[in-house]
Amino acid sequence: MELDYTYWQEKDGWYLGYLNAYPDHWTQGASIGELEDMLRDLYELAQEENPQAIPARHSGTLSLA
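The sequence shown begins at 1 in this note's numbering and counts up by one.
Any given hint could be a false lead.
Claimed, not checked - Calculated lysine to any residue pairs in the SDA-like style (CA-CA distance at most 25 angstroms, straight line): (1) K11 - Q28; (2) K11 - S31; (3) K11 - G29; (4) K11 - W26; (5) K11 - I32; (6) K11 - Q47; (7) K11 - D24; (8) K11 - M1.
Worth flagging that the hints you see were computed from the coordinates, not collected in a lab.
Whole structure, please, built from the sequences with the hints as guidance.
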């Protein structure tokens, strides 16, 4: 299973990010690897609390005319 995430690096060097399925739950790490570990932990915690927390994803195309 793969989950998309969004991240950025702060001026102090720390990486902040969140799983796209959980945009209200940010975490941080001193490196990308540590951030990814924290994101895995976040996912596992969410699944323990609510196994159906991540709904089926759909995509579409938006036409800008």
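How the hints compare with the structure:
1. Of the pairs offered as hints, the one joining K11 and Q28 holds, with about 13 angstroms between alpha carbons and a cut-off of 25 angstroms not exceeded.
2. Our distance criterion of 25 angstroms between C-alpha atoms is met by K11 and S31, whose separation comes to about 13 angstroms.
3. At most 25 angstroms may separate the alpha-carbon atoms for a hinted pair to count; K11 and G29 meet this at roughly 13 angstroms.
4. With a CA separation close to 17 angstroms, the supplied pair K11 and W26 stays within the 25 angstroms bound.
5. Restraint check for K11 and I32: the C-alpha separation of about 15 angstroms stays at or below 25 angstroms, so the hint holds.
6. Between K11 and Q47, the direct Cα distance comes to roughly 32 angstroms. Violation of the 25 angstroms bound is thereby established for this hinted pair.
7. For the hint pairing K11 with D24, the CA-to-CA distance comes to about 21 angstroms; that is within 25 angstroms, so the pair holds.
8. Proximity of K11 to M1 is assessed by CA-CA distance (about 32 angstroms); at most 25 angstroms being required, the pair is judged violated.
The structure shown violates the earlier hints numbered 6, 8.
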